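Number of protein chains: 2
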Amino acid sequence: MKATVTVMLKTGVLDPQGEAVKSALLGMGFDGVQGVRQGKTITLDLADGTTQDDVNAMCEKLLANTVIESYAVDMDT
Amino acid sequence: MKATVTVMLKTGVLDPQGEAVKSALLGMGFDGVQGVRQGKTITLDLADGTTQDDVNAMCEKLLANTVIESYAVDMDT
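First to last, the protein sequences are chains B and E. Heads up, the first sequence is in my numbering, so the first residue is 715 and it goes up one at a time. Heads up, the second sequence is in my numbering, so the first residue is 715 and it goes up one at a time.
Since the hints were derived computationally from the structure, they do not count as laboratory data. Among these hints, one or two may not hold up.
[To be verified] Below, computed lysine-lysine pairings styled on DSS-like, alpha-carbon distance capped at 25 Å: (1) B/K754 / E/K724; (2) B/K716 / E/K754; (3) E/K775 / E/K754; (4) E/K724 / E/K754; (5) E/K736 / B/K736; (6) B/K736 / E/K754; (7) E/K775 / B/K716.
These numbers were taken from a predicted model, which means no experiment stands behind them.
Generate the whole structure from the sequences, applying the supplied hints.
The following block contains the structure:
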């Protein structure tokens, strides 16, 4: 089974990487860009029987810094 | 409107960051982890009228290195 974890900086936390991407896109003529935030996607190949609680524990302990980042877990099956 | 772009290394391209995460998770006792791949998520705030073709162009020109990375665009509204 697979799970997809998306980790993003929380709202209000400055995202210089996203700002840099926004500036670059505007500089290339993509005028419609109003905001950019950049985060991480982690896809996990998991043994059968691994639960969403296990994946949440991985996020809390390693994958996300929950002080400044939020995460979402999507169990693909 | 918003768009979410997910950029992952193509299958077959070595992903040392994912391997490092896998090793760390196994070392922490998460025995069910069989594979990890890490990529980028970019959320874009866009002016109304921006099309998926525009976002695809952003990916081709800046957001993804299409030699080694694949991307997926999800137009949220």
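Results of checking the hints against the structure:
For the proposed pair B/K754 and E/K724, the alpha carbon gap of about 16 Å is at most 25 Å, so the pair holds. Only pairs whose Cα atoms come within 25 Å are accepted, and B/K716 paired with E/K754 is accepted, the gap being roughly 17 Å. At most 25 Å may separate the alpha-carbon atoms for a hinted pair to count; E/K775 and E/K754 meet this at roughly 16 Å. With a C-alpha separation of about 13 Å, the suggested pairing of E/K724 with E/K754 holds against the 25 Å cut-off.
For the suggested pair E/K736 and B/K736, the alpha carbons sit about 31 Å apart, so the restraint of at most 25 Å is broken. Using a Cα cut-off of 25 Å, the hinted pair B/K736 and E/K754 holds, with the two alpha carbons roughly 15 Å apart. Between E/K775 and B/K716 the alpha-carbon distance is near 30 Å, which puts this suggested pair outside the 25 Å criterion.
Checked against the numbered hints above, the structure violates hints 5, 7; every other hint is satisfied.
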